[in-house]
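Protein chains in written order, with the working numbering: chain S, 1 to 345; chain P, 346 to 743; chain C, 744 to 1052.
Treat the hints as calculated values from the structure; they're not laboratory data.
Ideal Cβ placement from N, Cα and C applies to all residues, glycine included.
Among these hints, one or two may not hold up.
[Stated by the list, open to error] In silico lysine-lysine, DSSO-like type, Cα no more than 27 Å apart, as pairs: (1) Lys-386/P / Lys-546/P; (2) Lys-145/S / Lys-169/S; (3) Lys-479/P / Lys-546/P; (4) Lys-615/P / Lys-284/S; (5) Lys-615/P / Lys-287/S; (6) Lys-941/C / Lys-368/P; (7) Lys-615/P / Lys-643/P; (8) Lys-106/S / Lys-145/S; (9) Lys-546/P / Lys-284/S; (10) Lys-941/C / Lys-364/P.
[What the hints assert, rightly or not] Part of the chain C face toward chain P, derived, beta carbon under 8 Å: (11) Arg-769; (12) Ser-770; (13) Leu-771; (14) Asn-943; (15) Tyr-945; (16) Gln-947; (17) Ala-948; (18) Ala-949; (19) Arg-950; (20) Ala-951; (21) Leu-952; (22) Gly-953; (23) Ala-954; (24) Pro-966; (25) Asn-967.
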Amino acid sequence: MTTDTTTRPKGSEVTYTPQDGLLLEVEDLHVEFHTPDGVANAINGISFSLHQGECLAILGESGSGKSVTAQAIMGILDMPPAVIPQGHIRYCGQDLLTMDPEQRRKTRGPEVSMIFQDALSSLNPVFPVGWQIAEMFRVHRGMNKSDALQQAVALMERVQIPGARDRVKAYPHQFSGGMRQRIMIAVAIALDPAVLIADEPTTALDVTVQAQIMALLQELQEERQMGLILITHDLGVVADVADRIAVMYAGRLVEKADVADLYAAPAHPYTRGLLESIPRLDQKGQKLSAIGGLPPNLMRIPPGCPFNPRCRMAQDVCRRDLPLLREVAPGRLSACHFAEEVINA
Amino acid sequence: MPEVVLSAQNLVKHYPIRKGVLKRTVGQVKAVDGVTFDLHKGETLGIVGESGCGKSTLGRLLMRLEAPTSGTVAFQGEDWSGASGREMRRLRRNIQIVFQDPYTSLNPRMTVGDIVGEPFEIHPDVVPKGGRRKRVQDLLDLVGLNPEHINRYPHQFSGGQRQRIGIARGIALNPSVLICDEPVSALDVSVQAQVVNLMEKLQDELGLAYVFIAHDLSVVRHISDRVGVMYLGRMAELGEEDEVYSRPTHPYTQALLSAVPVPDPTLRGKREQIVLVGDVPSPANPPSGCRFHTRCWKAQDICSTEEPQLVLRPDGHGEHLSACHFAEAREVVQTVDVSDREPDTRFSTLDVGDIPGLDTGPDGVVEEHSDLLHDDTARPPRDTTRLVDEEPEGPRAR
Amino acid sequence: MTEAAVTEAPEATSRGENPVDAGPPRSLAGDAWRAMRRNPLFWISSVMILVFVLMATFPSLFTSTDPTEAILQESRALPGQGTWFGRDIQGYDIYARCIYGARASILVGLFTTIGTVAVGGTIGIIAGYAGGIVDTLLSRLGDIFFAIPLLLGAIIFLVSLPATNNYLFIVLKVVGALVVLGWPSLARLMRSSVIQVKPNDYVQAARALGASPFRIVRAHILPNAVAPMIVVATINLGAYISAEATLSFLGIGLQSPAISWGIDISRAIVGLRTTPHMLFFPSLFLSLAVLAFIMLGDAVRDALDPKNR
Chain S
1 MTTDTTTRPK
11 GSEVTYTPQD
21 GLLLEVEDLH
31 VEFHTPDGVA
41 NAINGISFSL
51 HQGECLAILG
61 ESGSGKSVTA
71 QAIMGILDMP
81 PAVIPQGHIR
91 YCGQDLLTMD
101 PEQRRKTRGP
111 EVSMIFQDAL
121 SSLNPVFPVG
131 WQIAEMFRVH
141 RGMNKSDALQ
151 QAVALMERVQ
161 IPGARDRVKA
171 YPHQFSGGMR
181 QRIMIAVAIA
191 LDPAVLIADE
201 PTTALDVTVQ
211 AQIMALLQEL
221 QEERQMGLIL
231 ITHDLGVVAD
241 VADRIAVMYA
251 GRLVEKADVA
261 DLYAAPAHPY
271 TRGLLESIPR
281 LDQKGQKLSA
291 IGGLPPNLMR
301 IPPGCPFNPR
311 CRMAQDVCRR
321 DLPLLREVAP
331 GRLSACHFAE
341 EVINA
Chain P
346 MPEVVLSAQN
356 LVKHYPIRKG
366 VLKRTVGQVK
376 AVDGVTFDLH
386 KGETLGIVGE
396 SGCGKSTLGR
406 LLMRLEAPTS
416 GTVAFQGEDW
426 SGASGREMRR
436 LRRNIQIVFQ
446 DPYTSLNPRM
456 TVGDIVGEPF
466 EIHPDVVPKG
476 GRRKRVQDLL
486 DLVGLNPEHI
496 NRYPHQFSGG
506 QRQRIGIARG
516 IALNPSVLIC
526 DEPVSALDVS
536 VQAQVVNLME
546 KLQDELGLAY
556 VFIAHDLSVV
566 RHISDRVGVM
576 YLGRMAELGE
586 EDEVYSRPTH
596 PYTQALLSAV
606 PVPDPTLRGK
616 REQIVLVGDV
626 PSPANPPSGC
636 RFHTRCWKAQ
646 DICSTEEPQL
656 VLRPDGHGEH
666 LSACHFAEAR
676 EVVQTVDVSD
686 REPDTRFSTL
696 DVGDIPGLDT
706 GPDGVVEEHS
716 DLLHDDTARP
726 PRDTTRLVDE
736 EPEGPRAR
Chain C
744 MTEAAVTEAP
754 EATSRGENPV
764 DAGPPRSLAG
774 DAWRAMRRNP
784 LFWISSVMIL
794 VFVLMATFPS
804 LFTSTDPTEA
814 ILQESRALPG
824 QGTWFGRDIQ
834 GYDIYARCIY
844 GARASILVGL
854 FTTIGTVAVG
864 GTIGIIAGYA
874 GGIVDTLLSR
884 LGDIFFAIPL
894 LLGAIIFLVS
904 LPATNNYLFI
914 VLKVVGALVV
924 LGWPSLARLM
934 RSSVIQVKPN
944 DYVQAARALG
954 ASPFRIVRAH
964 ILPNAVAPMI
974 VVATINLGAY
984 ISAEATLSFL
994 GIGLQSPAIS
1004 WGIDISRAIV
1014 GLRTTPHMLF
1024 FPSLFLSLAV
1034 LAFIMLGDAV
1044 RDALDPKNR
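The following block holds chain S by itself, in its conformation from the complex (with noise of 0.2 Å):
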């Protein structure tokens, strides 16, 4: 994959090697928006770190950052407002932060690839398909016209677009909401990045459409060993394809762990009254139950842990002191005073 320079662009001599599979390591990085009135904290130091062929789930509600954890990492945050006053983005070792902007520029596309939850402005609707497809080719490896277009049949094809080599001249606007994110999955992938991040990708799709896209997003990271990133509010698209799952709020990681054990028993009060919050398809009679209140403002996160106003469990010293992401059980991490509380409740 990586290590297969023959394939990468031409005048680009860094090669990029996973050390001990690990492509890609976040540490303590903050984002902050600049706005006329005031500093809104989106990201307040978050730290994982994501290894090859495995699948990272970033959950959290409007507002969380989680949307800009992904924009940071593949650097298209508007910078203003955005400022990244401190923090490390590491790619096989490199830091995506310091590093020239060119360099950084080729990075995406081969390196990191990113799709989007609206595949209809994320598409230009002026081109066809196939052309949009084979520019990719022909920016990043120099390929010539017919060849480019060979190669987005191809991957066309590969995203299981039905009739591909008729529809690869076909405008995007000619294509179902389902089938645009085919596509936009195939520009993403066409340089075979080693990290793949999903930024909401099924959102915007009806359940039966979701179901097929999350399975070929899972196929092609399975036979092509990519790390994603999947970034999503839904609890059980996560339960299905993440086997790592990473909990935001108010621009803090709150929980990580396993999907299994996080769902078999959450460390934290909100991933707990998430998981009470939501209707199951599963069970009937049940009694629903919510979080009271909202996210906080974030120009004005509460002093101590951000929860604290929501949480029932809230004591004097979540008022007052920030709880830091610790390890609460093998592997588990947790940022909650009274984590052993909860997870044993």
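Mind docking chains P and C on chain S? Use the hints.
Frame of chain S, contents of chains P and C only:
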């Protein structure tokens, strides 16, 4: 069985497709194509289906925001598809609607008091002028909002709070029926439960009947007494919640249920997945016979020639309405009865109030996060493309 | 989504109040006003407009010279030779004429704006709200007027009306010409913003409640659709001032003895090379007046739509 409050008979809505300079009608988008059901007093009828199945159009037809091409809607036996202006106004008191998008359903230039009080302005005889402010405050209190916030504007509230305001407006005239068009799908998971619980509480207290239109099958199962599954403008299956979810007989319902992810990793790989091939056909040119036959694994010759009727068909235990020639119950989701399980109140609450003070800024106002930071919440699917070349005229074609 | 645009700014207006108690209501108009107050462009343009309005209403505050007093022997006197701005070819005091000329410009600008807003706005709302055949008819009607070149149309219009010496009537003639030719642009704008607002769910909710069309337009559509028209009407006010000057320059707008910057500019052409000050000062006043309204329009736009900043 309690009395029928709302009854739809063979409801049809076709949008003409016009083309060319002369705007000749070249075809019809068959958004709703013959839907019949009864809604009983105090019950919740869930309507599920994927985008383009016509469920939102159905809601607008029931609400009489659009005139049906044919068919009737009757409120307590009184047909209101042909009602005069005066009768219509009177009937509108009994049927109200809650919209999906809490951001566009409230007029940004009116105060909450004006928004919730507007029904009384339009129907001045309901509450005498002097008592309106009090009544509005009572309504805000009822939906769990601080009655003192009556002079604030919608943008000073969060999405969940705005949805509560929309509900308060909907119940202001004491309707018997509330049509809810995706009322929680634009809300965050943790807020969604608050609003669902509130709606259940209001139903118990006010005896409301809900038509709950949604694409989220889990939410619909939770809130509904009966459920209708729509596909391409028609009802594929209709029955009690347990019948449709535990013993679905229509292949489409089965495929739909099998595709819903369940938040339980221990079920990974153990659940039966029915993967449908292809996309939903265009409602402008629906398949002949059974509309689902192009994607159905059970399809036989009869399916493409003869339209299956929505009639009672056996489901193993009893029988319920299903529109499939080869209706056969199949348990796609293993249902666990958890009605005796109480949620752990250390982490969450069954309280429906909008817990004050928790979510507020220094001035007690919930501020929206800046757009920069606002991740998109789950919007229900909107597949506009299929209609691109044959976009229906009229207000739906936004 | 203007409402989303305006909610973008969380503003801590009353720090330290009881957090549970009702905070201050903040209307969108109030937010716009607060944003506008912070904009220096708004203050500069407002002060300029205020000065011009004062000139128009109380010219004697600025000068005690009679603008119709011709001192022919001092014809073409340069600035500083007894007067601030010099004298023109007739021996009129240019400063006084600039001051008195403001009245015609402001009156024409103001009346034309009121007229186009009333006519264009109403037709735009009807076309946008009714849709269908009404919309088609009104839109085509607008297109017909839109297609007439402004100058040609104004010339025909003004020439066909009887001549008069009544000042107000002369002004209203010019206003009439500009309104007849100017309403379609505002009607188009209003129509498109009504069409944008109409499908919003709050309009549907009002329909579902049984509200009358009049109520829906008044309470829901108009307040949410009027913003773009306010901006364009403000900017257009400047444009109408310059249109008045153009017509007067050509001799078909205001005519002597009325005083107008356009007339003065026209008369100054003879001395373009030898005595350019005769041309410069009325032109300067005209430009400043037009600029003031365009700047105000920009400030209003910034306040109403913070995303454009």
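Practice problem: Could you work out which earlier hints the structure fails to respect and list their numbers in ascending sequence? | Solution: Of the numbered hints given earlier, the structure breaks none, since each of them holds.
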